[in-house]
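With the first letter of the sequence shown counted as 1, position 57 gets the number 57 in the UniProt record's numbering; the numbers rise by one all the way through.
For the record, the hints were derived by calculation from the structure and aren't laboratory data.
Be aware that a few hints might be false.
Claimed, not checked - Listed next, the in silico DSS-like pairs over lysine-lysine satisfying Cα-Cα at most 27 Å (straight line):
id, residue 1, residue 2
1, 238, 221
2, 3, 13
3, 47, 122
4, 82, 47
5, 36, 3
Note that the structure is predicted; figures quoted are calculated from it, not measured.
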Amino acid sequence: MVKLDSLTSYYSKGLFSVSDVFWCSLEGGYSNLNFKTPAAGFLYVLKGEGKFTFDGTEYSATPGTILHGGCQMNLDYETSPKTDFEYCLIHYTCEANTVEKHTNSHYKLQVHLNHTLLELLKSLHTNSVASGPLSAFRSRILFYQLLYESIVSCQNESHSNEQTNMVHDAIRYFQLNYNKSITLTDMANRYGVSQGFFSSQFRYYNGLSPIDYLIKFRIKKAKELLSFTHHSVLDIAKTIGYADVYYFSRLFKKHTGMSPSVYRKYHNQR
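The whole structure should be built from the sequences, with the hints applied where relevant.
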């Protein structure tokens with residue numbers, strides 16, 4: 001996997017020129033084997049799904065995927081039969097004295113195709129059909145802007161995935177350990193973040209605070225135990241993580257509108 005810091009440093013120091021820009025669409029189920037790439041380039045996936053194999057390394061491609069390949073690489077690719085595959089391909093060249101470190105490598109980035117990226121791609125494509133030094137200069141500017149926005153979007157996407165993974169892991173932890181004493185401090189320490197950050201990220205991705213989610217899950221388990229077992233309310237309270245049966249009863253009534261014993265009686269009469 002390519003490191004974004006290394007990629008950023010490379011493209012900020014080198015000199016690059018855009019040679020061709022293609023905006024294309026392939027039919028679903030299309031394939032091309034043993035293709036030799038004519039130049040280094042970035043392929044931005046706009047629609048559809050596919051698989052691209054550069055020199056034996058396979059990459060899946062979905063909207064927001066950016067694939068980079070070097071010049072004269074062996075490329076096999078096929079598109080999913082579900083829908084057409086739309087993409088924008090940008091060929092570029094290194095100018096003299098630019099070390100071809102990343103230019104001759106293949107890698108994949110994943111971004112959110114926001115309005116800024118789409119407009120830059122459209123502008124670069126439109127400008128590519130014009131000729132003259134001024135047009136070439138504008139293409140270079142647009143290319144650098146596109147790279148910048150792509151790297152920023154990739155960083156944001158990576159950060160978002162990290163936070164999503166943290167929340168998903170926290171949910172699994174709650175569901176497996178709801179019968180234990182769990183505090184907000186415990187969860188924040190588990191992921192090495194502050195309590196405020198953990199709470200805000202959990203609420204952002206799940207719609208509930210961590211404590212509210214845990215309570216909701218415990219109440220759900222209590223309902224199941226009250227409905228399908230003969231365990232006492234005290235035992236059920238302990239089973240779902242509440243040592244104080246009176247606190248559990250108040251909490252249960254607050255969330256269901258009835259006490260545990262009334263809930264059990266009501267359910268058994270149905």
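Hint check results:
1. Restraint check for residue 238 and residue 221: the C-alpha separation of about 12 Å stays at or below 27 Å, so the hint holds.
2. With a CA separation close to 16 Å, the supplied pair residue 3 and residue 13 stays within the 27 Å bound.
3. Straight-line distance between C-alpha atoms of residue 47 and residue 122 comes to about 15 Å, which keeps the hinted pair within the 27 Å bound.
4. For the given pair, residue 82 sits about 11 Å from residue 47 by alpha-carbon distance, which is consistent with the 27 Å threshold.
5. For the proposed pair residue 36 and residue 3, the alpha carbon gap of about 26 Å is at most 27 Å, so the pair holds.
The structure agrees with every numbered hint stated previously.
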